[in-house]
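Peer 1: Sequence:
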Amino acid sequence: MKIALLGYGKMGKEIEKVALSNGHSIVLKVSSSNSDFDSSELSNADVAIEFSKPELAISNIKKCFQAQVPIVVGTTGWYHDYQSIEKLCRQQNQSLLYATNFSIGVNLFFKLNEQLAKMMKNHPAYSIEVEEIHHTQKLDAPSGTGISIAEQIIANNSTKESWVNRVSENENELSIVSKRIDDVPGTHSVYYKSTTDEIEIKHTAHNRSGFAIGAVLAAEWIASNKGGIYTMNDVLSF
35 MKIALLGYGK MGKEIEKVAL SNGHSIVLKV SSSNSDFDSS ELSNADVAIE FSKPELAISN
95 IKKCFQAQVP IVVGTTGWYH DYQSIEKLCR QQNQSLLYAT NFSIGVNLFF KLNEQLAKMM
155 KNHPAYSIEV EEIHHTQKLD APSGTGISIA EQIIANNSTK ESWVNRVSEN ENELSIVSKR
215 IDDVPGTHSV YYKSTTDEIE IKHTAHNRSG FAIGAVLAAE WIASNKGGIY TMNDVLSF
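FYI, the numbering for the sequence shown is 35 to 272, going by my numbering.
Keep in mind that the hints were calculated from the coordinates and are not lab data. Ideal placement from N, C-alpha and C gives every residue a C-beta, glycine not left out. It is possible that some hints are incorrect.
To be verified - Cut-off 30 Å, straight-line C-alpha distance, at most; resulting in silico cross-link-like pairs (BS3-like, lysine-lysine):
1. 63 with 145
2. 213 with 47
3. 87 with 227
4. 213 with 227
5. 47 with 155
6. 236 with 87
7. 172 with 47
8. 36 with 47
9. 213 with 155
Unchecked claim - Restraint ranges, calculated between C-beta atoms of paired labels, are given here:
10. 89 with 146: 16 to 24 Å
11. 175 with 205: 21 to 29 Å
12. 66 with 231: 24 to 32 Å
13. 77 with 205: 31 to 39 Å
14. 240 with 87: 44 to 52 Å
Taking the hints into account, I'd like the entire structure generated from these sequences.
Peer 2: Okay, structure coming up:
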């Protein structure tokens with residue numbers, strides 16, 4: 035499989051290692067020096083993997099649509115334009131697979147989070163809080179993964195109506211506490227606390243390899259499942 039890497043920072047380089055070890059080739063590397071690339075440069079690619087910056091993601095997605103190249107998007111912070119991208123994707127019969135986190139472990143954590151939220155909705159004595167920790171170069175706060183976790187809880191637990199990126203005393207609000215610490219790839223925790231005990235579920239990434247492995251797996255999947263918008267739920271058959 036021939037891959038275009040749209041974003042060649044730390045994640046892009048990690049994805050390159052995994053892709054090459056899986057027998058794939060990299061036919062285009064886009065970094066800050068050539069971020070204004072033309073869609074024609076994607077002509078040799080079977081699939082694109084996008085890990086750039088929020089302000090570049092929309093343009094990169096549209097270039098892939100124009101070149102009719104399936105795209106896997108790991109950049110977050112662009113979801114305010116999701117509806118327009120979804121409409122364009124379906125109108126042009128293009129292929130997009132996006133995720134706030136491509137780690138297989140995190141996606142298993144997502145399913146566990148949903149199930150626990152359902153189980154706890156009849157136990158209002160427990161307060162709920164989400165904590166996410168990332169490296170200091172992380173551009174968005176809360177992280178896309180943190181938002182996904184919070185939205186899953188809200189969808190499956192009627193005690194919360196919305197999330198806020200701070201500690202809140204409003205019982206209808208779900209607090210997301212964001213911390214930024216050097217050299218932390220990503221740690222996400224959900225706490226259910228009462229006066230008598232506490233339940234915690236937690237996922238800790240030890241390095242970026244898990245994200246890269248999942249992104250390449252997603253690229254392999256979408257290369258043979260074209261035409262539509264997909265997530266890691268589709269890749270992992272959840």
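Peer 1: Against the structure, test the hints numbered earlier, and report the numbers of the ones violated in rising order.
Peer 2: Of the numbered hints, 1, 3, 5, 10, 12, 13, 14 do not hold.
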